[in-house]
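Protein chains in written order, with my numbering: chain A, 23 to 134; chain P, 23 to 134; chain F, 23 to 134; chain S, 410 to 845; chain G, 410 to 845; chain H, 410 to 845.
Subject to a maximum C-alpha distance of 27 Å in a straight line, what follows is the list of computed DSSO-like cross-link-like pairs (lysine-lysine):
| # | chain 1 | residue 1 | chain 2 | residue 2 |
| --- | --- | --- | --- | --- |
| 1 | A | Lys25 | P | Lys62 |
| 2 | P | Lys62 | A | Lys39 |
| 3 | A | Lys62 | F | Lys24 |
If you want a taste of the chain P side facing chain F, the calculated C-beta under 10 Å gives, among others:
| # | residue |
| --- | --- |
| 4 | Leu42 |
| 5 | Gln48 |
| 6 | Val52 |
| 7 | Glu84 |
| 8 | Asp119 |
| 9 | Ala133 |
Think of the hints as simulated: they come from the structure by calculation, not from any bench.
Nothing here was measured: the structure is a model prediction, and the numbers come from that model.
Positions of the beta carbon are idealized from the N, C-alpha and C atoms, including for glycine.
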Amino acid sequence: MKKIEAIIKPFKLDDVKNALSGIGIQGLTVSEVQGFGRQKGHTEVYRGAEYKVDFVPKTKLEILVDDGMVSQVVDTLTEAAKTGKIGDGKIFIYPVDDAIRIRTGERGVDAL
Amino acid sequence: MKKIEAIIKPFKLDDVKNALSGIGIQGLTVSEVQGFGRQKGHTEVYRGAEYKVDFVPKTKLEILVDDGMVSQVVDTLTEAAKTGKIGDGKIFIYPVDDAIRIRTGERGVDAL
Amino acid sequence: MKKIEAIIKPFKLDDVKNALSGIGIQGLTVSEVQGFGRQKGHTEVYRGAEYKVDFVPKTKLEILVDDGMVSQVVDTLTEAAKTGKIGDGKIFIYPVDDAIRIRTGERGVDAL
Amino acid sequence: MGTLDTGDTAWMLISTALVMFMTPGLALFYGGLVRSKNVLSTIMHSFIMLGIGTIVWVLVGYSLAFGPDKFGLIGDLSMFGLKGVGMAPAEGSTIPEILFMAFQMMFAIITPALITGAFAERMKFSSYAVFMVAWLVLVYSPVAHWVWGGGWIMQLGALDFAGGTVVHINAAVAALVAAIVIGKRKGFGKEAMHPHNLPMTILGAAILWFGWFGFNAGSALAANGLAAIAFVVTHIATAMGALGWILAEKLKTGKPTTLGAASGAVAGLVAITPAAGFVGPIASIAIGFIAGILCYLAVGLKFKLGYDDSLDVVGVHGVGGIVGAILTGVFATVAINEAGANGLLYGGMDLFVKQLIAIGATIGYSFIMSFIILKAIKAVMGLRVSEEEEINGLDLSLHSENGYALGGFSSGTLEHTVAATQTAPSFAVKTAPASE
Amino acid sequence: MGTLDTGDTAWMLISTALVMFMTPGLALFYGGLVRSKNVLSTIMHSFIMLGIGTIVWVLVGYSLAFGPDKFGLIGDLSMFGLKGVGMAPAEGSTIPEILFMAFQMMFAIITPALITGAFAERMKFSSYAVFMVAWLVLVYSPVAHWVWGGGWIMQLGALDFAGGTVVHINAAVAALVAAIVIGKRKGFGKEAMHPHNLPMTILGAAILWFGWFGFNAGSALAANGLAAIAFVVTHIATAMGALGWILAEKLKTGKPTTLGAASGAVAGLVAITPAAGFVGPIASIAIGFIAGILCYLAVGLKFKLGYDDSLDVVGVHGVGGIVGAILTGVFATVAINEAGANGLLYGGMDLFVKQLIAIGATIGYSFIMSFIILKAIKAVMGLRVSEEEEINGLDLSLHSENGYALGGFSSGTLEHTVAATQTAPSFAVKTAPASE
Amino acid sequence: MGTLDTGDTAWMLISTALVMFMTPGLALFYGGLVRSKNVLSTIMHSFIMLGIGTIVWVLVGYSLAFGPDKFGLIGDLSMFGLKGVGMAPAEGSTIPEILFMAFQMMFAIITPALITGAFAERMKFSSYAVFMVAWLVLVYSPVAHWVWGGGWIMQLGALDFAGGTVVHINAAVAALVAAIVIGKRKGFGKEAMHPHNLPMTILGAAILWFGWFGFNAGSALAANGLAAIAFVVTHIATAMGALGWILAEKLKTGKPTTLGAASGAVAGLVAITPAAGFVGPIASIAIGFIAGILCYLAVGLKFKLGYDDSLDVVGVHGVGGIVGAILTGVFATVAINEAGANGLLYGGMDLFVKQLIAIGATIGYSFIMSFIILKAIKAVMGLRVSEEEEINGLDLSLHSENGYALGGFSSGTLEHTVAATQTAPSFAVKTAPASE
Ligand SMILES: Nc1ncnc2c1ncn2[C@@H]1O[C@H](COP(=O)(O)OP(=O)(O)O)[C@@H](O)[C@H]1O
Ligand SMILES: Nc1ncnc2c1ncn2[C@@H]1O[C@H](COP(=O)(O)OP(=O)(O)O)[C@@H](O)[C@H]1O
Ligand SMILES: Nc1ncnc2c1ncn2[C@@H]1O[C@H](COP(=O)(O)OP(=O)(O)O)[C@@H](O)[C@H]1O
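One chain only, chain A, in its complex shape (with noise of 0.2 Å):
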């Protein structure tokens, strides 16, 4: 099992979803963050006193898949993510230990 991890563009979030339904994930969290990077963030002004804020909005999905899907999610995710501009974000993987699904206790891959 492995933890896919994705920063992407809040706008591109339902391609993103769809095209991961597509190929058949059934589950994922998501959440806001705020990114700070290469993509430069914006100006403020307030009655005239400017403010350069540098962080940019962006959303966080985490998914967990078996070890095999690993390479299919995130060729997905990057396709349908992908602007091509400064900011489409990252795919980061991370190793998991177990996963359980509450309502049943079910474990390991059972559970997503």
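Dock chains P, F, S, G and H with the ligands against the given chain A, drawing on the hints supplied.
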């Protein structure tokens, strides 16, 4: 050390937190997330337009514990978060390399 | 590659970000979380009813770095986030399998 | 027929608008106090009363309350659908009769809306609607007749300038009954049920305060000295209610609160309502201040006594209304209003007793009738949503809506739309693409 | 010159203030309906109309609309910059002439603001400003002249008490044209575009309702029985609009919505606007109820027909306005207003036909002129923001602002400030440190 | 005694209500501009002034300001507790005397509330309350006496229709002093301190605009041509202030902002305040436009000069007030108001000098007295919260409240409640369970 991550129903947070306190857990971190899974979303209607919303509000808990505590935490969590209905959520367990307490610089389990 | 996760006091974010920029960190991801720990929460009062709130607002940083950078990042983070009072937060280090830059498909440390 | 006075008419037009504005003000006041998952359902409880109250009042309510008196108890249906309610002033009046009807209509709208604070976050919408209609016809209209429409309390000579008994005590008693009959919210008395948006509540309180000038000073039915004094004492009592409440907080817990200031203001407004046209400025200081403190002490009672009056209708409107009605019997003076009477302080034991009778009668009638109505509805169609609906929030469960979508992503998709025609030729082809 | 009546003047002063308040009310009504990234740009569309509309009206608009008639089509520029518009009442009037000007100014502000709902979330701010100025001068002012300023529709005898044609149909047709010419928002008809803050929309609707008493009852230009009946039917129709809409929802989808109640109220307000001073209470029940249901059915049309009228200006103001103008031709009666006429129901076939002519002429003129103006602006300076600006939201892209910063950390740094002087001696040394 | 006019009374009743409404409007205007952790404490600063200002005014303020003149400097205490302030009009007046008192009371409430923008996000609540009481008695009441109560500036003949000196300059100078004495917020001039809720600020600005019609046109104390012209120029200047500010922004940074539009509107309102009943429409275009631009340039000064006037009271009310008071000396004309005087443009050098004297005296007096009061309070009880309280936010630190709880989980538990009785029998057993 392991990281235990649980995705639960938001209204269960109080129960879960109390149960974990009960077994001696002294620290954890909580965040709001949106889940996509077997539990179906809902429909919203604005001026006659029906929108299907797939995401369900969930609460994520992250708890770092010594290896010896893992199974007890998982059991306690499972019990406290369970309603028996679809969407009760998941528990994921990840390896951890190290932990540091910022205030003191303590490392490893002492930092928790 | 390692993932360094830090739970810090929200008002320290600016200092920490600047300190990390100073040592060459070019990317990180931030989110709002609620912490439960030794730092006590607060009391809120609405129409004479006193509620005890255990959670404290915290900011979570996630930074993926090459193995060689870990200790420098940890030190910089510790220094910048420290106030010396309870609740300064934690740094957690996790193993990472891989990273991909969505825009280019680059992998590993190049993707950061 | 009376002779129309344009100044009086101008004041009553705007007063009526001000009282109308109070109901959405109440919607926001209440809406800010509930959890965010119930904000719309709570707002709806007040907002749609503007619909329900209007049609009930136009059809039968006004006639029942202000139609020719039957046995001191009720009007009749001779003005069904506003039959005969004209644009000219009635005898002895200086404003169009239909304007008086409209002014009273706004009272008939906000009074039941006040009750809804008691059952927020758990009541079925259909049951709510039925309850409101029944309560307006069976409880509000008769009591309004008793006090203002020529009924027995009016004949008795008890004083209620702008609705201490008719509006506040009446609504608060119904609220108590409703809280008991419908039962507690899941988690009540244990979990924190924080107000989700206090600035919204403050805004609501501000609109209430603003609108209440129409409510109380408008009850003079003219733009004269009486309206002015009613205006002034209303303002003073409100200010003192806010100060009283936060001072009590400061003493009890060390921290004055913003919600306390807003709640105290409402307590002051409620308490001065029956007294407004009968007392002077110094009396209004006392009335507001006492109401602010007593209501603060009263809102905690629900936890002790175990009923879940979600938004403290009983503590604020019940206690405030009773305090006001009693103190009217203390501070009223014919020096302010010759048509009034002297209270205890000016030797008027009489008035004091009459006030107690009016209070007692309103409490008794409202309690019994509200109980019967609610039990009947409960038996026929139930009062509460299911536990799951309650957990998910009434906004989604009952109205398929979300109060806020403040986050960065929405991720829903259009599935279906309602439209007058289902097969119309598309001229979408003529529209420009998403970007030029 | 006329004789000033203080009561009439008092009513018109507050009515004018009430109509002014409607425009920020509309800003909130619309602002709550868009996505949070566009809340400020949407609010700005209405709010800054208070600036644009005022200067255009003061300079030329009032004169064009109410100046001496030219061929029944338009006024002249003899009152440029309010020349000769005085503090005394005009002949036959009881209020200061300049107050009448101000009352009309508020109409000239809110009417173009209504249009903005059609192109929310994608229009360039500069193009918006140019469009508004041109539209006010070339469309609003002439049509206002036709109907109220002594022009051909007034001479014809069609009835429009407070602006069914001039304001609502006129704005809605321009809205339709704008939606078509500017094109759809990215994702329209597929993605969910949830209202981001419905309590804000409800507040906006409440302010509209409140202010509309000035709009309609103020159109009596006096504090009299006519103002009172206009007030009453306005309120009743609004209430019935809300009920009609949610009842239709209940039947179609099972769930009445809060937004439906607010939208239905606005539909009722729109529909009663032309009828307000000509019909009685029972007619207003029908007008409001019918408008509520028909507007509900109409808002879905945009998905079928493929134009993106973002906030349903066409469905609510267009359909509501037409329903109201037609029903004025049905329910109007000289029993309410001798200066009016009898509608179909009272045998007045005449009036009914005149109403249709007025509606048709307004639709035709507004459509053609709005189309020409928008096409011209599109050709010269473009109408839309870039796709990236649309994705990032107009608040940041066009105004460098964020509507909300509710989160726990901000993390921005001050870079630069604008100030009258760039080299002033600092007396910062005298200020205390951050904590004592 | 004067003869009551119902039209004038109607207008003054509603004007008084409108001015009352401005203070919660200000609460929202300011509340939206601070960080979310301080929203309630900021709102409270204005809201509770309705309490503090009322009691101070009723007890001593009105008497000090409008009581019999002593040496041109102050009234006396003969009307302590409103003694002798009656329901009939005073000599030469057409409205109840007590209504005039109430109208003035609302000015005494909002003026100190304006100051609070300068020390938002760091002041102790108790020190705030003491400061407000002292300032009202020692600064506001005398200056109001000078200008309106028969004092030396009134005798001198300087013009201030609705409070340019008394209200705006007076408050802004106190604000400057307060900002300097209390010191900067932690992070000022480095960190971004974004407004947390701009729609709330816009709503506040809208309420201010709406209420200001009462403030300025109400200052005519009658519903007549003077009120009408005051109304019109108020509106025009406000509109032009908004346009002026965003045009300046457009030129300087390329982006007009919504906050700029709202701020410019307030600048226009401030600047027209002293001029309202003395100038015509064209002059008001100039006054508003100039104020909008100058205030825009002035708000940046605090960064250059190093004082932390958090919400720009100095830049908007100080600069706007001075601009208005000076331009009154330029544009005033007896053609508009015979009781006024001619300004520079009409050859009135006299008036111009008098205006400068009035401005100077107000600045000097307010500066010195505010400084003494604040230094005294600082010495006795301190002015600021602790650094930790400032970081955690004043809402939690001072009021134990949170402005918003928008998230999905709350997770707090009930610990303790305050109630009138601590040992009451529970009838919880009778209540229904959580679900039927
Ligand atoms: N080293 C990192 N650790 C964690 N998150 C990162 C890291 N680098 C970038 N990110 C996240 O990825 C997002 C996109 O990165 P950015 O450098 O802007 O563009 P790109 O993805 O095109 O390289 C950032 O906004 C941030 O959220
Ligand atoms: N593969 C997955 N990876 C990450 N999160 C998941 C995954 N599957 C489910 N989840 C999370 O768990 C939540 C509950 O899952 P769901 O399938 O609805 O019900 P159940 O827990 O009963 O199986 C989801 O809402 C989502 O947040
Ligand atoms: N075991 C843990 N697992 C996950 N997060 C933790 C854990 N312990 C503490 N935290 C997080 O660290 C924050 C700070 O911890 P706390 O015990 O309050 O103070 P300190 O960092 O000084 O030890 C908490 O608010 C919580 O978010």
